[in-house]
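With the hints as your guide, set chain G onto chain Y.
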Amino acid sequence: MQRYTTTAIILHWLTALLIISAFTLGLVMTDIPGLTPAKLKYFSWHKWLGVTVLAIAAIRLLWRKANVPPPHPASMVAWQKKAADGMHILLYILIFAVPISGYVYTLAAGVPVVYLGLFQLPVFMGPNPELKPLLKEIHYVLNMTMAAAVAAHVLAALKHQFIDRDGVLKRMLP
Amino acid sequence: MKLTHKVALASLMGLSFAATAATLLKADTAKSSVSATFKQMNVPVEAKFKKFTAAIDYNPASPDASKATVEIETASIDIGDPEYNKEVAKKEWFNAAQFPKATFVSSSIKAAGAGKLTVTGKLNIKGKATDVTFPLSVKADGGKYTFDGVLPIKRLTYNIGEGEWKDTSMVADEVTIKFHVAAQ
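If you read the protein sequences in the order shown, they are chains Y and G.
Take 110 as the starting number for the first sequence in the working numbering and just add one per residue.
Take 224 as the starting number for the second sequence in the working numbering and just add one per residue.
These are computed hints drawn from the structure, not numbers from a lab.
Predicted model, so just to flag it, every value in this text is computed and none were measured.
No residue lacks a Cβ here, since even glycine has one placed at the ideal position from N, Cα and C.
Mixed in with the good hints, there may be bad ones.
Below, a list of computed lysine-lysine pairs in the DSBU-like style, where the Cα atoms sit at most 35 Å apart [to be verified]: (1) G:314 / G:274; (2) Y:241 / G:401; (3) Y:148 / G:349; (4) Y:148 / G:249; (5) Y:148 / G:290; (6) G:314 / G:377.
Here are a few chain Y residues that sit away from chain G, every Cβ distance over 12 Å (derived from the structure) [said to hold, decoys possible]: (7) 143; (8) 183; (9) 187; (10) 197; (11) 218.
Same shape as in the complex, but just chain Y (with noise of 0.2 Å):
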């Protein structure tokens, strides 16, 4: 069966890798009461995270334009396959719409994102406080969103793994 290639099987991991982090880390720090070092700190290292999944998913959506992934097994029902198709469009969506809800959202806290704390990056919006509360809620449902996305993706892959056992799941594991 034929796999995906090499890079995007490295982007595809490593953008499972920095989401899981960066949803796990907004958790943890929101749940940090008052002020802290490590609050501050883990809200810094969030945003890093955030944006490198935003530059990745550029980076792949690139790469997937020039490099086709391999078709779906012929094994798969039409209904399967829609939504399949749907399913990774509902998640390059949100890998996108994800870290830019929380750029944005930073942005009309007051707060831009200095990446590894080494620059700057642009910074099109100035303070907003009517915004921010909605900004927010937007970027908690998309995340709670991309959540279950995620989970659905992780048991469709397991379905065919162990049910279907076509290989789907083999053409993206290193």
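Structure of chain G alone, referenced to chain Y:
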């Protein structure tokens, strides 16, 4: 009749003399601002003080006779989040309960070229007083004046950020106080 006239004239002159000798200006706090800018993990953050008063005794003809007093309510700090504002008013930072006001009282103001003054005085934050000198620019428009100044300080001099917050890799020691006072 003549005498009264003279008295009136003299008192009028006296009044105008007093007016040129010292003009106590009233700051328009709605048009004025005081902020502190610092870096948190290299991220520039601007905190604004919402409540402050500025009394400026300014005479453009002889600036050296000028005086200035600024009082800032430390609990009025706004770093962009109500929850964090409360944290920053706590003991480790401003300790606003014990030190509700940060003050600056000038000891000398000297002319330093057109529209420029050099201000020296005592800056008192969190019970720590230090002598500071900073340049101040002044613009006059009729009877209205605007004063702009930038004063770099080090937060640890005033114990702003105690305990684990002494770590300057988290919050830099350098803080820039910026103020803009519109007065008339």
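* Asked: Are all beta-carbon distances from residue 218 of chain Y to chain G longer than 12 Å?
  -> Incorrect as stated: the minimum Cβ-Cβ distance to chain G is 6 Å, not above 12 Å.
* Asked: Going by Cβ atoms, does residue 183 of chain Y stay more than 12 Å from chain G at every point?
  -> 53 Å, holds
* **residue 314 of chain G paired with residue 377 of chain G [C-alpha distance capped at 35 Å]** => 18 Å, holds
* To do: Below or equal to 35 Å on CA atoms is what counts here, so check residue 148 of chain Y against residue 290 of chain G.
  => Roughly 43 Å between the alpha carbons, so the hint for residue 148 of chain Y and residue 290 of chain G is violated.
* Asked: Given the hinted pair residue 148 of chain Y and residue 349 of chain G, is their alpha-carbon gap at most 35 Å?
  -> With a Cα-Cα distance of about 25 Å, the restraint between residue 148 of chain Y and residue 349 of chain G holds, given a limit of 35 Å.
* Confirm or reject the statement that residue 197 of chain Y sits farther than 12 Å, beta carbon to beta carbon, from all of chain G. => The assertion about residue 197 of chain Y holds, with a minimum of 35 Å to chain G.
* Asked: Taking 12 Å as the cut and beta carbons as the points, is residue 143 of chain Y off the interface with chain G?
  -> 5 Å, violated
* Below or equal to 35 Å on CA atoms is what counts here, so check residue 148 of chain Y against residue 249 of chain G. => 42 Å, violated
* Given the hint that residue 314 of chain G pairs with residue 274 of chain G, test it: the Cα-Cα distance must not exceed 35 Å. => 19 Å, holds
* Keeping to a limit of 35 Å between CA atoms, is the pair of residue 241 of chain Y and residue 401 of chain G held or broken? -> 25 Å, holds
* Asked: Any Cβ of chain G at or closer than 12 Å to residue 187 of chain Y, or is the non-interface label fine?
  -> 50 Å, holds
This entry does not satisfy hints 4, 5, 7 and 11, going by the numbered hints stated previously.
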